[in-house]
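Visitor: Listed below, chain by chain, are the residues.
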Amino acid sequence: MNQRLSRRGFLKLGLGAAAGAAGAQLFFGGRAGMLSPVVSAQTEPITPRYYLAGTDGWASLPGVGNTYFYPDPWAPEGKTSYMFGFADVTQHLSDPELVSPNVLAYKEKAQISAPIMYFDELDPNNPNKEAYVVRLTNLGLAVRPDLVDSHTVHWHGFRNVIPMFDGEPGSSVAVPIGRVFDYAYYPYEPGTYMYHCHFEDTEHVHMGMVGLVFVRPMQNRGAGSLKASRVAPTIAGLYTPDPTGPMGYAYNDGDGSTAYDREYSMFLSEVWNESHWDDAHIQLPDWTDYKADFYLLNGRVYPDTLLPNYAPVGAPTGGVAGDLGEQPYGSLVTCNAGERVLLRFANLGFTQASMTLAGIRMLIVGMDAVMLRGKTGVSGFYETNTFQIGAGESTDAIFTAPAFSGGAGSSGQGYDTYLLYNRNIAGISNNGEMGIGGQMTEVRVYPAGSVPQQLTPHDL
Amino acid sequence: MKRRLLPAILAAMALLLASGAQRGTALAATEPTDPRNGVICETSPNGHFDLTATIGYALMSDGNAIHMWGYALGSYTDASVAADAYQYPGPILCVNQGDTLSITLHNLLPEATSLVFPGQDNVLVNGQPSQPQFAAGEMTSMAQVAGAASSWDIPGGTATYSFLASEPGTYIYESGTNAGVQVQMGMFGTIIVRPSAAGFAYNYTYNPNSRAANEGQVAYAYNREDSAFNPAHEHVEILSEIDPFMHQAYEADYINWIGGAAHNPQAFDMQDYVARYFLINGRSFPDTMADNNAPWLPNQPYGALVHIYPYDAATNPQPAMVRYVGAGTADFPFHPHGNDSLVIGRDGRALTDASGEDLSRYKFSLPVGPGQTWDVTFDWKDDNNYSASNPVPITVPQTANLTVGPYWSGSSYLGSAGNLPPGGEGYSQCGEYYHIAHNHALQQMTSWGGITLSGQATYTRIDPPLPNNCP
Chain A
21 MNQRLSRRGF LKLGLGAAAG AAGAQLFFGG RAGMLSPVVS AQTEPITPRY
71 YLAGTDGWAS LPGVGNTYFY PDPWAPEGKT SYMFGFADVT QHLSDPELVS
121 PNVLAYKEKA QISAPIMYFD ELDPNNPNKE AYVVRLTNLG LAVRPDLVDS
171 HTVHWHGFRN VIPMFDGEPG SSVAVPIGRV FDYAYYPYEP GTYMYHCHFE
221 DTEHVHMGMV GLVFVRPMQN RGAGSLKASR VAPTIAGLYT PDPTGPMGYA
271 YNDGDGSTAY DREYSMFLSE VWNESHWDDA HIQLPDWTDY KADFYLLNGR
321 VYPDTLLPNY APVGAPTGGV AGDLGEQPYG SLVTCNAGER VLLRFANLGF
371 TQASMTLAGI RMLIVGMDAV MLRGKTGVSG FYETNTFQIG AGESTDAIFT
421 APAFSGGAGS SGQGYDTYLL YNRNIAGISN NGEMGIGGQM TEVRVYPAGS
471 VPQQLTPHDL
Chain B
6 MKRRLLPAIL AAMALLLASG AQRGTALAAT EPTDPRNGVI CETSPNGHFD
56 LTATIGYALM SDGNAIHMWG YALGSYTDAS VAADAYQYPG PILCVNQGDT
106 LSITLHNLLP EATSLVFPGQ DNVLVNGQPS QPQFAAGEMT SMAQVAGAAS
156 SWDIPGGTAT YSFLASEPGT YIYESGTNAG VQVQMGMFGT IIVRPSAAGF
206 AYNYTYNPNS RAANEGQVAY AYNREDSAFN PAHEHVEILS EIDPFMHQAY
256 EADYINWIGG AAHNPQAFDM QDYVARYFLI NGRSFPDTMA DNNAPWLPNQ
306 PYGALVHIYP YDAATNPQPA MVRYVGAGTA DFPFHPHGND SLVIGRDGRA
356 LTDASGEDLS RYKFSLPVGP GQTWDVTFDW KDDNNYSASN PVPITVPQTA
406 NLTVGPYWSG SSYLGSAGNL PPGGEGYSQC GEYYHIAHNH ALQQMTSWGG
456 ITLSGQATYT RIDPPLPNNC P
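Chains as they are written, first to last, in my numbering: chain A, 21 to 480; chain B, 6 to 476.
It should be emphasised that the hints constitute simulated quantities derived from the structure, not laboratory data. Treat each hint with caution, since some may be false.
[To be verified] EDC-like cross-link-like pairs, simulated, lysine to aspartate or glutamate; straight-line CA separation at most 20 Å: (1) B/Lys386 with A/Asp343; (2) A/Lys129 with A/Asp143; (3) A/Lys127 with A/Glu117; (4) A/Lys127 with A/Asp166; (5) A/Lys395 with B/Asp277; (6) A/Lys149 with B/Asp388; (7) A/Lys247 with B/Asp358; (8) A/Lys129 with B/Asp231; (9) A/Lys127 with A/Asp143; (10) A/Lys247 with A/Asp166; (11) A/Lys129 with A/Glu64; (12) A/Lys311 with A/Asp108; (13) A/Lys129 with A/Glu97; (14) A/Lys149 with B/Asp387; (15) A/Lys247 with B/Asp67; (16) A/Lys395 with B/Asp363; (17) A/Lys127 with A/Asp92; (18) A/Lys311 with B/Asp358; (19) A/Lys127 with A/Asp479.
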């Protein structure tokens, strides 16, 4: 009843006609973006920190091409699998148009996995704090122009959020093709999170619209005898980096127990070939048949996980070199003996993973962006070499790199090698292939002082 | 062959029709006293309950009707009547710590059945210790049984199970006989044991006629101050799954059996088991959001909508209590949006260290495993107190430039409504917020045949603070 009245009111005010006209403009093109906003909350809009563009694309998942659904015969050379994802168009924020030709050029260029985002915790008591804004646009799907799905950004695990910024489309709003929406966040809880599109979530998550996001704690500003982080804050002037401080702290621990020298993203996702083929070829899978064929670590499968960030060429499929152009993140961990390394794990696959670091104990300091510590201060930290991480969970693990073995190291290349992998055996296969693949990478420990200080998380 | 089958099928249809005809009247009696949302506790002055093991039917949101086994509360001698009182999942039985819980199980199924109570000590069956049963050296049951029925109207045996409810918390009861089949067919339920130590006993005064009148009370999950919750917002979310082919096989077997054929306890090859429906409280989305005792779900009485008000230190300090029960075959990583859940107990014990120090912790994904129970408290507040006078720090696009969800009020602000596009569903009633809560193994948020958003999902409904004009 209430709703009918409000609709009538809507028409009375003539806004219906305005909306109709606005809708019509969709078809005239050229006016992509926000049309006459209802509310301009700020005289000076907040400049977004990140700008994401939802679209489709292709990934290289090297394996034996022996199934009907893999590799996709429509895939461009060097690619195997049809994906949806977020492209990072942050560099085009200052273009004159909201959705500029530069941004539109990312259609069919979705990044796998999605851009790693990170923020510094805000002080809830600071009246002048400014929200972090993540801008989202929707470029449509080049391979599926018939599929006019909207997109959203759901920051998975963000606490006490209002529906509008939660990105669950049933309870809030989503972004149609050619439109723009700004998500505003005031993060007060440090830790490792993940984000994904929640529109048609089973499909869009599985198709690749998934990524890691983390919040660095206020303690990075320094607290008492705890030194400030040696790396710059994401907000200019938030704190003065201390060159003798740690890279950062995982949490506001109060005692430095979560300090670390390096940090890496270990983002887990999966690919079920049939559903990816189906989406490209205008078919629908029965999701209850789900079974992953590839297990991805930061958007790549082993051995491509060993290649550095932004490496252009990966392992071959059917004799053709892999094109990693849209899979920018490596997973190789390099560190010096004695350093503390934070591994930020998050799992947006549908299967529980069992992550093993063979030969080095990990100290589990946080799960689901919460430090493992009881309300009265009892520590729940524990050491392990294998922990389970289910769908939608995150784990913060810190290991201390062991002493270097000497000489040319266990690898004969000047470093000691330790393997990090999913002990759920299917998780280290590429498309069921014998041997190893999937969610596996190496931790390479060098003699102290060999590897330069890490300047950015995940060496971005 | 045809002539022998026909009466069997007719009998099965008559049974279904009979149960259908009785559904309306049975409901009218229960509805007014049950809350619309939240736990429906079955209680008994002496801690005794009768459960009848029977067949029944459960309706999936795609329209499929699934043949089930499970429990009807009460004592029945005729499956055509018991099937009407059948409920999936089994009744939630609530007792106080220190009570002796006893259940007399009456069997109307074509095979023997029993009850087991993982998490309870010193369970007795007919006064004897509950023990695995053996015949010729092979285990036949995990506990003493109630024998099989001879036909749908010739009841089988009974057995009485009892134990001292010694520790507060959330527990499961389930079949211990042919358990791989019977549990999967629906033979499980929930037991809530209320704490009884001084100051922590359960004293909730429930007013069926006013939501507001039920507010402001306190209950405890454990004998601990930090397990306090608002008893008007207590919920049980039982996570389960169904393979329709398995249930179809046992339906065909049952029809044969009531026609006079022998029952086959292995009517389905469990090697072929693949779950296709994923349920909360026996319902699939969107039925999970419907009220308790929704009339179109006569045998699935439990809704799964968590219905709360925003946290407020002065007026609404106590969180909701949500008891998750894992009744499927895999971990269900359950993810309620909006805020973390504070895990305060697992499997009937508060999360503490050996000296009683609190080890509860916030989590955003709850991997509820088979046979596990997770006790969490949940509340929500707007960290930024957004309102029309403290607006969101972004430019809100016109509705025409957005895709609008059915539970969106049209406004960013709690308690406000705004314009919605013509033709939308517009389910929001009073500017309330909704946050989805779902299994994050997202294939389990779908159901058989590729229907998305029809599995283990529900919403948390957050009404504006009282007083409000919400219905």
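Visitor: Which of the numbered hints are not met once you compare them with the structure shown?
Guide: Hints 1, 2, 5, 7, 8, 9, 10, 11, 12, 15, 18 and 19 contradicted; others consistent.
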